[in-house]
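Chains A, B and C supply the protein sequences, listed in that same order.
Going by the working numbering, the first residue of the first sequence is number 1, and it counts up by one from there.
Going by the working numbering, the first residue of the second sequence is number 304, and it counts up by one from there.
Going by the working numbering, the first residue of the third sequence is number 748, and it counts up by one from there.
Calculated directly from the structure, the hints in this document are not laboratory data.
Mixed in with the good hints there might be a few duds.
In silico contact screen, one side only, chain A against chain B (beta carbon under 8 angstroms); selected entries [to be verified]:
id, residue
1, N8
2, F14
3, G123
4, V131
5, T216
6, V260
7, K288
Keep in mind it's a predicted model, so treat the numbers as computed, not measured.
Think of the CB as a built atom: it goes at the ideal place given N, C-alpha and C, for glycine as much as any other residue.
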Amino acid sequence: MLFLVVVNWLQVLFNSAVTGSLYLLAAVGLTLTYGLTRFPNFAHAEFMALGAYAGYTIAEQLKLGFPYSFIAAFISSAALGAASYLLVFRPLTHRGATIIHLMVASIGLDFFVRHLIKQVWGGEQLSFRMVWPYFDVGPVRITGLWVALILSAIVMVGVMHIVLTRTRLGKAIRASANNPDLAMASGVDVEKIALVVWIVGAALAGVGGLFRAADTRLVPLIGWEILLPAFAVVILGGIGSFYGALIAAYVIGLAENFGVVFLVMFKLSTDYKFAIAFLILILTLILKPSGFGRLFGEGGKVV
Amino acid sequence: MNSSATTKTTAVLVALIIVVAVVAGVGGYFAGQSAGYDAGYKAGYDKGVMAGGAKAYEKGKSEGYKAGYETGYKEGLKAGKPKGPTLPDKIKIGSLMCLSGFLGPMGQKIKLGVELAVKEINRKGGIAGRPVELIVEDTATDPKTALEAFKKLVEVDGCKVVIGPMASPEVMAIGKYANERKVVVISPTATSPKITTEFPDDYIFRTVGSDALQGKALADTALKKGFTKIATLVLNNPYGIGIEEKAKEVLGDKIVLSIRYDPTKMDFRTELSQIKDAGVEAVIYVGWYEDGQVMFRQALEMGLDNIQWIAAEGVYGEPMFKVADAAEFMKRAVIGTRPIAPTGLITYKLFAESFKKEYGKAPTMYQDTAYDATMLAALAIAYAGQYDGAKIKDALQYVSQYYIGATGHKMFDKNGDQLTQFYEIWKVEKVDGKYKFVGIGRWP
Amino acid sequence: MREVRLSEPLIYVLDMAVFVGIFAILAVSLNLEYGFTGLANFGKVAFFMVGAYTSSILANMGFPYLACITVATFAAGFVGFVASLPALKLQADYLAIVTLAFGEILRFIFKNEEWIAGGVQGITVPSAITITGVPIQTMMLIQLTIVYAALAICYFIAQRVVNSPYGRTIRAIREDELAAQVLGKDVFKYKAQMFTLGSAMAGVSGSLFSQYVRFIDPYTFEPILTFTVWMMVILGGPANNLGVILGAVFVQALERGARIAKDYLLLPVDPHNLRVMIIGILIILILMYRPQGLFRESKVKTPALEVASKWKKRS
């Protein structure tokens, strides 16, 4: 059954970096909000989708070009994130909603936003028309979009790192995401922090969605395509841990891309590529639920 | 007194008398005229009234007669009509089209072919004088939705004939129900060979040839060009797999790599890497617009335009040019096949003219088969004389033998399939800065 | 066989009624898991799928329907049991994510392994009713009878389970797992049992579904089906079996109604989108203002309690 396939390993490595960067942008918001507000937000998929659609409108319909669509994605998703937190999740928490209630509410919100998007933009597939330059670096094919994506991820990581370690806000975020009760007891205004985290997390997700759409195409379900692997990143990295997510995103990127090579070698369908992320998710939850977070003294949930 | 006084008096008297006489005469004249007028007027008036009334009377009598006659005739006709089922006053034709989902863009266009046929029929007075009502439902390119929409058309709207559905999996989903409910189904676009095996000799028909033929066409094209190391890259559904299997039959071990992909995935770099790494000379490709756009764009990015791509008709269409990279890739590296009508058909010309007149543009793929399917349905209903599924089915089989439509002779074999199907070999060129499809050959 | 032409719309309604019945069974099964035991099963569709495919494969091999549905029930229950072993140790949200992922993996397997059941091409399924030459109205009525008989049995079983000391225990587990443990209850055993029962019930529903729609493929079993069942349970009222059945009626009616309504109403909005948006908002509103659902939790009515209350009325 095994047959050796000629593989361009460097290309696979590069692709892993691309995939990982995308998942990182998507998962940062998810892991921080999960840690802070203590529930998995399924509507996060629509943070990504809205960013992509807003970016599309700017880029294609108003023809303003990609940099502006980047900003549009950032802002629109940020707004949606704020609205979701202030109008839905914070009130629910105040009324004593359980985790399951919040999860189901996030599903309801997800349905609502996605079909609103569908109503406004239609359910048809949309394509970004802009042409990205591509070039070869040795045996590796690279496109401008991928470079932009990786750069965005690097910049984001840099900024987050500085904020999280050098500023009071950042420290407050880390504390709250790790252990909200303790943080509150220590005088941190967890709710204000939460709002900031929801806004920033959603904004990053929006940018991630935009990149994904530009790289492939735009459909209403684009959020869900990235959401489930994003959850895998969150779990593997440890809930609430930014650094854990950083590592986990690239680990999963590598797993998916190298996994495909092995799938082909074993003559299995490449469809299983997505199952790889899910499998990692399940195994992590069962074997080591706190994920990588423990390495940084954070992550997992304090019950 | 003397005589001069008497003479004067006499003269005055005489003058007076003359004046009076004149006045009297004149007055009398006028008086007489007036009296005569009055008398004459009155006499004339009376006579006129009488004359007019008589005319009206006559007129009324004749009209009353006419009306009475016509009503009497109609009633008599109804009473005298033979008792038995006839066509309803409005003839319903249902249609299941993909108006959203994968085949949405295609479906929106193909619907026009069906509507054109209905318009033409109604302009000429309908079927046996009764207008045709077209009811269209959206299947969203999903078999479950197709079944639900089909049930609505059959149970709520009472359709006995349905044009569509478009996608092969959708036909598979509604087939059994159609047979149970005795509803004739004519698909203008479903090409999977599986439909022949699953639904032989029953209510399922199609006006396009089975892909058992197109698979062969694609494989033959590859053979003619002398390729010996070929890959197949197809949609993971009955449409793609049907062609892949046929191509494998013809090409045997010249096919060194077979990939089936999920159209919902939208990122095909892994599949494309495999093709690149395998070093094949040609790829037989089956895709639809949405996935095709992404596939070709990513293929261009990865430099796969140095091998020959041979595609099925799923990617033939203007929507492909929406993505500039995909269009460019097609120009450089893609040829393909698509089902067409035999050349030089007058019926196709007439159809195309009518289409252009109605919609302002030339017809593209499958609008002709949709048009034919609808026309055949109407003919079958007319021939059957009753709006009954079983009778329409038999009638359809019969009229198809004599029907030469926009796409040629549409005779159905006993499985409801087309006997023959011609294909055009096409490629993409850039003319005056715009991309267009160009025919470069035929098959067989 | 005279066909009664006037009752065509009736068939559409009967068709909807069958779907309501099938989904009602699913709703009751989820209710047992979530409403009464507090388990967040986001992978309900997986067990529905196992039931459907098992039943279909056996039916295509020629087995009589009673055998197909029985094996399907056990198969779904078994898969539920196996899945519960590692998963139930997790907290609510982890359980939700794991069950969701599990469902997706299972769907991928069915999708890509054609030898199991046709892969993406799906399989056609023979109906449970094998008599031929019967008019459609009668067929529908027979289907309705079968489905609602199954629903009645499931409802009866569910009520028996929850209106008993056993039922009290699982409610206790739902409220406070730690307390229940302290009181000596093997919490894990109860959770596993309920999960298995819920999965088996989903298998029943899956089997009925497959023989009614006559064609299934992997795209039928996407997570959105799980979420739809969740909507039914939340709207109707968790821990109230009758309530969730009504929830099923409501959600299905909305879905079917939207398709017909679009022929009569000229809205600027696509009714399908509007329908989903309404459901989304409703869910949020209910969770905010009436989380116990439209119908409150049914009280435990064990035989002992009934006797006791009769005594109370006498005195």
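Right, here's what the structure says about each hint:
{"no.": "1", "hint": "N8", "verdict": "holds (6 angstroms)"}
{"no.": "2", "hint": "F14", "verdict": "violated (11 angstroms)"}
{"no.": "3", "hint": "G123", "verdict": "holds (5 angstroms)"}
{"no.": "4", "hint": "V131", "verdict": "holds (6 angstroms)"}
{"no.": "5", "hint": "T216", "verdict": "holds (4 angstroms)"}
{"no.": "6", "hint": "V260", "verdict": "holds (4 angstroms)"}
{"no.": "7", "hint": "K288", "verdict": "violated (28 angstroms)"}
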